[in-house]
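Just so you know, we're using the working numbering here: the sequence shown kicks off at 1064 and counts up by one.
What the hints contain is simulated information worked out from the structure, not anything from laboratory work.
Keep in mind that a hint or two might mislead.
With beta-carbon atoms standing in for the labels, derived distance ranges [as the list claims (entries may be wrong)]:
1. Phe1127 with Glu1082: 34 to 40 angstroms
2. Val1131 with Leu1175: 28 to 34 angstroms
3. Asn1183 with Glu1162: 17 to 23 angstroms
4. Glu1136 with Trp1080: 47 to 53 angstroms
5. Val1188 with Thr1155: 20 to 26 angstroms
6. Val1100 with Val1130: 23 to 29 angstroms
Here are the computed lysine-lysine pairs in the DSS-like style, where the Cα-Cα straight-line distance is at most 25 angstroms [claimed, not checked]:
7. Lys1121 with Lys1153
8. Lys1153 with Lys1117
9. Lys1117 with Lys1106
10. Lys1121 with Lys1106
Every residue, glycine too, gets a C-beta built ideally from N, C-alpha and C.
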Amino acid sequence: GGLHGVGVSAVNAVSEWMEMTIYRGGTIYFQRYEAGVPVEALKEIGECSDTGTKISFKPDLSIFTEVVDFDFEEVDTRVSETAFLNAGLKMTILDERGEEPHVSEHLYEGGLSEYVGQLNERREVLHA
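With the hints as extra help, turn the sequences into a complete structure.
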């Protein structure tokens, strides 16, 4: 469970532009927004065998008057936590701000039990 579209709606509202690419039911769909308004209707752009959603955006600097600089590690930690809460959901971050793209993928089939296992990797077991 996510926020039932509230998260992406908030991102859209505060972005100079936002693009959604949706992979579902064998079809790829695409829609672009500028200043929160659709530039075009949702359109089919191809076929696929995967499922998922890709969201790309640029923060609107007229809203964010101070420098917007996302800390990759901070965002990556949050995405990792979300992936643990959604066992089997693959989440990928692609940061294209530098010369070389920075990619991080998270997929935890075990969900929260896998998270607890990672927390305990470096700890001494007190009982067996």
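To see whether the hints hold, each was checked on the structure:
| no. | hint | result |
| --- | --- | --- |
| 1 | Phe1127 with Glu1082: 34 to 40 angstroms | 19 angstroms, violated |
| 2 | Val1131 with Leu1175: 28 to 34 angstroms | 32 angstroms, holds |
| 3 | Asn1183 with Glu1162: 17 to 23 angstroms | 38 angstroms, violated |
| 4 | Glu1136 with Trp1080: 47 to 53 angstroms | 25 angstroms, violated |
| 5 | Val1188 with Thr1155: 20 to 26 angstroms | 33 angstroms, violated |
| 6 | Val1100 with Val1130: 23 to 29 angstroms | 25 angstroms, holds |
| 7 | Lys1121 with Lys1153 | 23 angstroms, holds |
| 8 | Lys1153 with Lys1117 | 12 angstroms, holds |
| 9 | Lys1117 with Lys1106 | 15 angstroms, holds |
| 10 | Lys1121 with Lys1106 | 21 angstroms, holds |
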